[in-house]
Amino acid sequence: MDWGTLQGVLGGVNKHSTSIGKIWLTVLFIFRIMILVVAAERVWGDEQDDFVCNTLQPGCRNVCYDHFFPISHIRLWALQLIFVSTPALLVAMHVAYTRHEKKRRLRNGEKIDIEEIKNQRIHIRGPLWWTYTSSIFFRIVFEAVFMYVFYYMYDGYQMPRLVKCDAWPCPNTVDCFVSRPTEKTTFTIFMLAVSGICMMLNLAELCYLVIKVCTKESRK
Amino acid sequence: MGEWSFLGDFLEKVHKHSTVVGKVWLTVLFIFRMLVLGTAAESSWGDEQSDFMCDTQQPGCENVCYDKAFPISHVRFWVLQIIFVSTPSLVYMGHAMHTVRMEEKRKMKEAEMEARENKNGGDTYYQQKCSVAEKETKLSGWDEAGGQIILRGSLLNTYVYSILIRTAMEVAFIVGQYVLYGIFLETLYICQRAPCPHPVNCYVSRPTEKNVFIVFMLAVAVLSLFLSLAELYHLGWKKAKERCSRSYKASPSTAPGRLESAPQAERAQMYTPPPDFNQCLSSPNGKFISPFSNKMASQQNTANFATERVHGQEDAAGEGPFMKSSYVESPEVASECAAPAFPENYFNEKRRLSKASRASSKARSDDLSV
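Each protein sequence line maps, in turn, to chains R and S. According to UniProt numbering, the first sequence is numbered sequentially starting from 1. According to UniProt numbering, the second sequence is numbered sequentially starting from 1.
Next comes chain R alone, as it looks inside the complex (with noise of 0.2 Å):
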């Protein structure tokens, strides 16, 4: 998985961020997009061939990892992280949008510098305010529901050591061992963990506009 891309365009809306959102980036490049890549995978790598069944059964095995298993915890992280960082391409495109406009504007007659269009941080005031508003709004709707979509699917956030699997062609119950299961433990409690904090920081960072643009307006 090709996270450089991602970290390319982040880095760009990264500019006109609040300082906040800037520690929310660098937390999300580094407590997690690195640990998934990492040490994640690592971890998660041998989870289907190391996951046995006392069973001779053919097939019994396929049946109930796919049974526990349905999507692994790896890719639902990954598919997280990527929904988590897509509002922010709306700030992106905002911002690309408005130098656009200057620069339509630039090419009508009226005198702006072209350099200044380029390397000018553009503040977060008027409509940039609601893209950015309702970005940091949506993140953490997304990181809510991935929260609690891990915790519906996998029955809390511990990784069992045993599981007992009746589907079908299994004969009957049959204990299947799910590999490395402590770590896994210590690894989905650490981003979730993560996922909170990010959560707060979002939190932090809708507060702090919102106030930052109620004294704007007493001020008036």
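Just so you know, not all the hints are guaranteed correct.
[Stated by the list, open to error] Which chain S residues stay away from chain R? Per the calculated CB distances, all over 12 Å, these:
hint	residue
1	23
2	27
3	40
4	114
5	116
6	154
7	157
8	183
9	187
10	201
11	206
12	239
13	248
[Unchecked claim] A few chain R residues that face chain S, going by a derived Cβ cut-off under 7 Å, partial list only:
hint	residue
14	29
15	37
16	38
17	54
18	180
19	181
20	182
21	186
If you are wondering where the hints come from, they were derived from the structure by calculation, not from laboratory data. All C-beta atoms, glycine included, are put in the ideal place defined by N, C-alpha and C.
Given chain R's structure and the hints, the job is docking chain S onto it.
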């Protein structure tokens, strides 16, 4: 190493704004930890579960025994260790970037103000001098010439805290590794856990190679710990030295030998102004010193120039080539900005040095009277 590039890019920025010891620590982190982990250790631990053999046919016994023997693999443990140990540096970098931004904003505002003053015209000379003096006496965090951040005040505190937390993390992970695995890995692991029917012999894959890497990573962790402690000591010692020298300057003790010290240190803030008549009236001891008597004035001016050089040399002493760590208090700017900025103990020193230069500070018949 491509996977580590996310962290690597952030740490490159930290590298620019660290002390010498900090840079050494970062280099050790990059080369001896990240690189070794990414290239060598990963492949050594690659087949850790597939080649973990137990002397049993019982299905599931190998899985549970592996899980019991290795609750978290060494490689993942080291990955977490590297990330947690690097995190405080990122916090410091965030603060440093914030300081830089505040500094840039301040400069922009001042430039705007000056432009406005120039537009308004009027008595701009003293106003400019005023703003220049204010600029120089404010505790700025950014050195134009060097492009480096100067460790002062709250930024220095953040840096010290980041090193303290880093040290604590390092210790915690070293102790954690010892508690989990001890130091060496045994070839044989005896496992008793359901569904294994009885205690079962399990054999770890590549124990010797793993031991070599375990010892290596432990040694590097201890080295990093020592580097962090050395950096703390270096910063703490400098701070204590500064405090001592400041209290030493305040007390009127003689230091004639210092006057001869040669090298010129740049002092952006201090310069020795010609004595102003007004200042003579405000001498703290009530004694009248006339700066206009020729002999005394020239002697004392020479002495004062040397003193200023010594101040500069003291402050510059012990600085590494990359970092200016100065612990400077802003001298008081006089209310009328036309008055030159005198150091606080200018007159004490004058008196002290006058003793050394054997000039009398008593009032004389040809002195100007007030």
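Evaluation of the provided hints:
no.: 1; hint: 23; result: holds (20 Å)
no.: 2; hint: 27; result: holds (19 Å)
no.: 3; hint: 40; result: holds (15 Å)
no.: 4; hint: 114; result: holds (21 Å)
no.: 5; hint: 116; result: holds (21 Å)
no.: 6; hint: 154; result: holds (16 Å)
no.: 7; hint: 157; result: holds (19 Å)
no.: 8; hint: 183; result: holds (21 Å)
no.: 9; hint: 187; result: holds (21 Å)
no.: 10; hint: 201; result: holds (19 Å)
no.: 11; hint: 206; result: holds (16 Å)
no.: 12; hint: 239; result: holds (29 Å)
no.: 13; hint: 248; result: holds (41 Å)
no.: 14; hint: 29; result: holds (5 Å)
no.: 15; hint: 37; result: holds (5 Å)
no.: 16; hint: 38; result: holds (5 Å)
no.: 17; hint: 54; result: holds (4 Å)
no.: 18; hint: 180; result: holds (6 Å)
no.: 19; hint: 181; result: holds (6 Å)
no.: 20; hint: 182; result: holds (4 Å)
no.: 21; hint: 186; result: holds (6 Å)
Comparing the model with each numbered hint stated earlier shows that all of them hold.
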